[in-house]
Structure formats: C-alpha cells, structure tokens
Amino acid sequence: EAGVAQSPRYKIIEKRQSVAFWCNPISGHATLYWYQQILGQGPKLLIQFQNNGVVDDSQLPKDRFSAERLKGVDSTLKIQPAKLEDSAVYLCASSSRGDGNEQFFGPGTRLTVL
Amino acid sequence: QKEVEQDPGPLSVPEGAIVSLNCTYSNSAFQYFMWYRQYSRKGPELLMYTYSSGNKEDGRFTAQVDKSSKYISLFIRDSQPSDSATYLCAIRGKLIFGQGTTLQVKP
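Chains as they are written, first to last, in this note's numbering: chain G, 1 to 114; chain X, 115 to 221.
Only chain G is shown next, with the shape it has when bound in the complex:
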C-alpha cells in the first residue's frame, strides 16, 4: 500500500513570497489533515478535511493560509504572503475515519522563509 505522498520535500523562499504544498493521501482515506511542526515542537493541526469538506480549520491563520481538497482526494496548502515564523515542516496525514484513529503521515515539506 502506497503511503501519503507530499511535494516538494524542501522549499526556501523569501518573506512575503507565496508557496504551495501538495499532498496525495492513501487511496480510499476520506479524512485528510495538514499539520505545522515547528522545530522542537509537536505537530499542530491546521486543517482537517472529510472528503472535500472542511471539518476543522480553527487553527489555520486564514489571513495568509488557505487549503483545498478538490474532488476529495489530493490537497494543496498555500501560504501567501509568507512570514519568517512560517518556517516549519508541513505534514500531511490521512486516515480512514475522522475520529482520530490511526493517522498515516507523509514525510513532510520543510519550508524555510528567509
């Protein structure tokens, strides 16, 4: 079974630029999550999708972050404009159910904002 795929793996941008991350979840998984993991911290949930609908985006900084999951499969997370404090690893995860049961994580995208 293929795992969660993410791209790019690394991205370096300057502040105020925009950036987008892509995630392809495990086939058949209805629930998709985006997390932000700042160095030395645990992952923090940004947004949760159930199929192509948003379940929870309470911790998503909506003035600069946006996410979509068209057709209930792949998802993109965008930051515009980026700030220095956005430097982090952005993790995508998927699960077969949305109740917090086992989530399978991708390798993450490491973003550096200069």
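Please keep in mind that the hints were generated in silico from the structure rather than gathered at the bench. Keep in mind that this is a model prediction, so the values were computed, not measured. Where is the CB? At the ideal position from N, CA and C, for every residue including glycine. It cannot be assumed that every hint is accurate.
Facing chain G, according to a computed beta carbon distance under 10 Å, are these residues of chain X, among others [as the list claims (entries may be wrong)]:
1. Met148
2. Lys156
3. Pro158
4. Glu159
5. Leu160
6. Leu202
7. Ala204
8. Arg206
9. Thr216
Based on the hints, put chain X in the right spot on chain G.
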C-alpha cells in the same frame, strides 16, 4: 496550561537500557492516548495507543496510563540504536501532540 506537556529531552542512554518517556495532560475527559515515533526528516508513525487506564504491551514497548494523576508513559525495554528518534505522546480525537522527547540510544 498546555493540554499535553512532555519533557523535550534530549535523553541519551546506552544500548540495552530501559527507557521511560512521560507526558502529563490537563483534561480529565481525555480517554485515548497514543504514542507516535518520528525519525529524523520523516513523518510521525503510530507506535501504540491505549484506552483509559492501564497498561498495554507490544514487544519491547509498554504504554501506561494513570488517569488519576493524568500521566502517560512509554517504556522501552532493551533499547536499541534503532530506537533513536523523537517520541510524541498524543491525545486522540483532534490529535493533540506533546512537544516530543528526543531519544538517543548509544551502541
């Protein structure tokens, strides 16, 4: 007060040692507790989960929950260099992670 607190370490032990990793949580309503392992430059992977109080054993790993003191633990017996990673405790539901403890097992 953070919902889940975890000592970030780092923790360094010799090969074969027994390792104890711990977390505390604030909300007594939490019922499901999980441990994830994260290798460097990888995403977290689920190691174990427990429900309510008690112990759960899986090979060299034992997860323990003490709801009276809001304390969760992960014990690793006969630790191996391949166990070197960051261990994250988490509360199931909207997954709430602790800070993670970085463990290094020296050969």
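Each hint tested on the structure:
Because the closest C-beta pair between X/Met148 and chain G is about 8 Å apart, less than 10 Å, the hint holds. With a least beta-carbon distance of about 6 Å to chain G, the hint placing X/Lys156 at the interface is held under the 10 Å criterion. For X/Pro158, the interface hint holds, the least distance from its beta-carbon to any beta-carbon of chain G being 5 Å, beneath 10 Å. With its C-beta approaching chain G no nearer than about 7 Å, X/Glu159 sits inside the 10 Å limit, and its interface hint holds.
Residue-level restraint check for X/Leu160 holds (minimum Cβ-Cβ distance to chain G is 5 Å; threshold 10 Å). For X/Leu202, the interface hint holds, since its Cβ comes within 10 Å of a Cβ in chain G; the closest pair sits about 5 Å apart. Interface restraint check for X/Ala204: the shortest CB-CB distance to chain G comes to about 8 Å, inside 10 Å, so the restraint holds. Interface restraint check: X/Arg206 against chain G, minimum CB-CB distance 4 Å, threshold 10 Å, status holds.
For X/Thr216, the interface hint holds, since its Cβ comes within 10 Å of a Cβ in chain G; the closest pair sits about 9 Å apart.
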